[in-house]
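A.B. asks: Since the structure of chain E is provided, determine the placement of chains P and Y on it from the hints.
Residue numbers (our numbering), protein chains in the order written: chain E, 1 to 131; chain P, 1001 to 1134; chain Y, 2001 to 2245.
Everything labelled a hint here was simulated from the structure, so no lab data went into it. Where hints are given, some of them may not hold.
As the list claims (entries may be wrong) - Label pairs and their calculated CB-CB ranges: (1) P:Ala1118 / E:Gly51: 26 to 34 Å; (2) P:Pro1129 / E:Ala67: 51 to 59 Å; (3) E:Trp17 / Y:Gly2110: 26 to 34 Å; (4) E:Leu127 / Y:Ser2186: 52 to 60 Å; (5) E:Thr108 / Y:Leu2239: 35 to 43 Å; (6) P:Ile1100 / Y:Arg2142: 19 to 27 Å; (7) E:Ala100 / Y:Lys2192: 25 to 33 Å; (8) P:Gly1041 / Y:Ala2137: 36 to 44 Å; (9) P:Leu1107 / Y:Val2126: 37 to 45 Å; (10) E:Leu127 / P:Asp1058: 50 to 58 Å; (11) E:Pro99 / Y:Arg2142: 42 to 50 Å.
As the list claims (entries may be wrong) - Now the stretches of chain P that chain E is said to cover, found in silico as 3 or more residues with beta-carbon under 8 Å: (12) 1038–1048; (13) 1079–1087; (14) 1095–1101; (15) 1123–1131.
Cβ atoms here follow ideal geometry from the backbone N, Cα and C, with glycine treated the same way.
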Amino acid sequence: MSAPSTSQQEKMVTGFWPWFLQRVSGFLLIFLVGVHIWMTHFSGLGDVVRGHQEELVLFEIVKQRLAQGLFIFIDFSLLALVLYHGLNGMRNILLEWGPAARHAAGMTTGLWLLGVVTFIYGAWALLAFIL
Amino acid sequence: MAFSFRYLSLHPGNFQDRYSGTRSGWWAWFLQRLTGVALVGYLFLHIAVISTARAGADTFDAVLIFLQKPFFVVLDLFLIAAVLYHALNGVRVLLFDAGIAIRQQALMFWICMLLTAAITGVAGYFSLPLIFRE
Amino acid sequence: MDTITLSVRRGSSEQDPAAYWQDFDVPLVEETMSVLDALTWVQRNVDPSLAFRRACRVGMCGTCGTVINGREGLACGTRLGAAAGNGGGKVRVQPLRHLPVIRDLVTDPGLFFDHLRGVDPSLTPVPGVLEPVVLSADSRERQTISPHRECIYCGLCYSACSVAGLDSHFLGPAALNRAFALVSDSRDASGKQRLQTVASEKGLWRCHTIFECTAVCPKGIPITRAIQGLKRKVVVDKLKSLFRL
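Here chain E stands alone, though its shape is the one from the complex:
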């Protein structure tokens, strides 16, 4: 229960970019997630209900969708932005939790690593439909 003294107080703007980019990525995700959910869960709903299509999501359906450049762009930006937004949000929560906040720099590096590795893994999975 001790506050940092004035001399220890950082005299520079810190934490602006994580805060700002959380808002930018969140704003973009509204549209990207909207399109994603609509395309995967609702655009083919009528066909499934009428029995023209067995399921909403199957390998061949995803493959056809990802044959279009637009959806390749949407899916890869979605993967990157959602990972940034999600892990940045986790960082926000952890910064308010003493034990993690004491190692803020290491925690941030760890989350970046997790994000990059997950992006590579996710991209590798997506490429199964494209290549």
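C.D. replies: The following block gives chains P and Y in isolation, referenced to the frame of chain E:
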């Protein structure tokens, strides 16, 4: 119990004592965190499921057919509700950051709740054939 | 005469294993009787060892802040009868949260004032100006800063803030509100520096617009609006410097 609430970044202290009564700003934040954490968890599961495509189209289809059984369609509705709330409350916070509607924060919270319920309801209605199919 | 049950949290600290709730039956002498009056009545008539702080008794000094029925309030500014109505016939009084309890309702506000010191809360005069500065009452600037200068440093906002409860390093609402009042004031010369101090991981960016501070402020200060105002100032500064590159 106290520790788990604290870990979710909730207020320490007596939960019931403090959060009886309408504190819409607090509930808005709490639900934003709760849905945020849940969605991060879902994100990793989602990537894991999609990566089964690497094991071949047949494996992917087998997994996906299983995950489109009625039980999972119902779970999907919870997912849609979480995404909707998180996005709508995100817009609410963006407006505050732009200096808009700060005085009407409680009203804005209830609009978020109402829209979440309404749109989830519509999505649920259209998903009924998937929930009650053979 | 009606009596009201005043339930007081007693102990030498919040973690004190022997801390307990003690009930007192207090006569409701007048409709206008405050929670502070009830505490004073108990101290004078039942238990002189009951510890609480007060000074002015008229809502100006910010000394008697407590948590009444789960919600922060000035004991002098909360009517006993109304509080009993809200609390189901009982009025529960606790010390402020997030500050160490010294005894009963008395907390150590050191942390709260440390944070206030952290934003350099005094006005830095513009060098070379010797005459009194005129800032007319109807000017836009005056109207912007006026409500934010009403703070009596009672600590209710700090106690109500969920983030302050999680992270004792967070500057807290009162300090950020004070920073806003100074940064928005043309008579202050160190606005830029002060803005940099609050735009940190332990300052502005920890505020999640929960509005608890604004809800409990006994002076009705729109504290969240001040914090949002500071955020916008930083965003504008940052984007300006970015596009000048």
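A.B. asks: Hint by hint, say whether it matches the structure.
C.D. replies: Verification of the supplied hints:
Hint check: Ala1118 of chain P to Gly51 of chain E, Cβ distance near 29 Å, so the stated range 26 to 34 Å holds. The supplied range of 51 to 59 Å is broken by Pro1129 of chain P and Ala67 of chain E, whose beta-carbon atoms lie about 28 Å from each other. Taking 26 to 34 Å as the suggested C-beta distance range, the pair Trp17 of chain E and Gly2110 of chain Y conforms, at roughly 33 Å. Checking the proposed 52 to 60 Å range against Leu127 of chain E and Ser2186 of chain Y shows it holds: the Cβ atoms sit about 58 Å from each other.
Distance hint check: the CB atoms of Thr108 of chain E and Leu2239 of chain Y are about 23 Å apart, inconsistent with the given range 35 to 43 Å. Distance hint check for Ile1100 of chain P and Arg2142 of chain Y: the Cβ-Cβ separation is about 23 Å, which falls inside the suggested range of 19 to 27 Å. The hint said 25 to 33 Å for the Cβ distance between Ala100 of chain E and Lys2192 of chain Y, and at roughly 32 Å that hint holds. In this structure the hint that Gly1041 of chain P and Ala2137 of chain Y lie 36 to 44 Å apart at CB is violated, the actual value being about 55 Å.
The given range of 37 to 45 Å is respected by Leu1107 of chain P and Val2126 of chain Y, whose C-beta atoms sit roughly 41 Å from each other. Checked against the given bound of 50 to 58 Å, the beta carbons of Leu127 of chain E and Asp1058 of chain P, roughly 18 Å apart, lie outside it. Here the CB-CB span from Pro99 of chain E to Arg2142 of chain Y is close to 46 Å, well matched to the stated 42 to 50 Å. With 5 residues bearing a CB less than 8 Å from a CB of chain E, the segment 1038–1048 of chain P meets the requirement of three and the coverage assertion stands.
Figure legend: the segment 1079–1087 of chain P, annotated as covered by chain E; annotation consistent (3 residues with Cβ-Cβ distances under 8 Å, at least 3 required). Against chain E, the segment 1095–1101 of chain P contributes 1 residues with a C-beta closer than 8 Å to a partner C-beta. That does not satisfy the three-residue criterion, and the hint is violated. Interface restraint, the segment 1123–1131 of chain P with chain E: holds (5 residues with C-beta to C-beta distance below 8 Å; minimum three).
Violated hints, in rising order: 2, 5, 8, 10, 14; the structure is consistent with all others.
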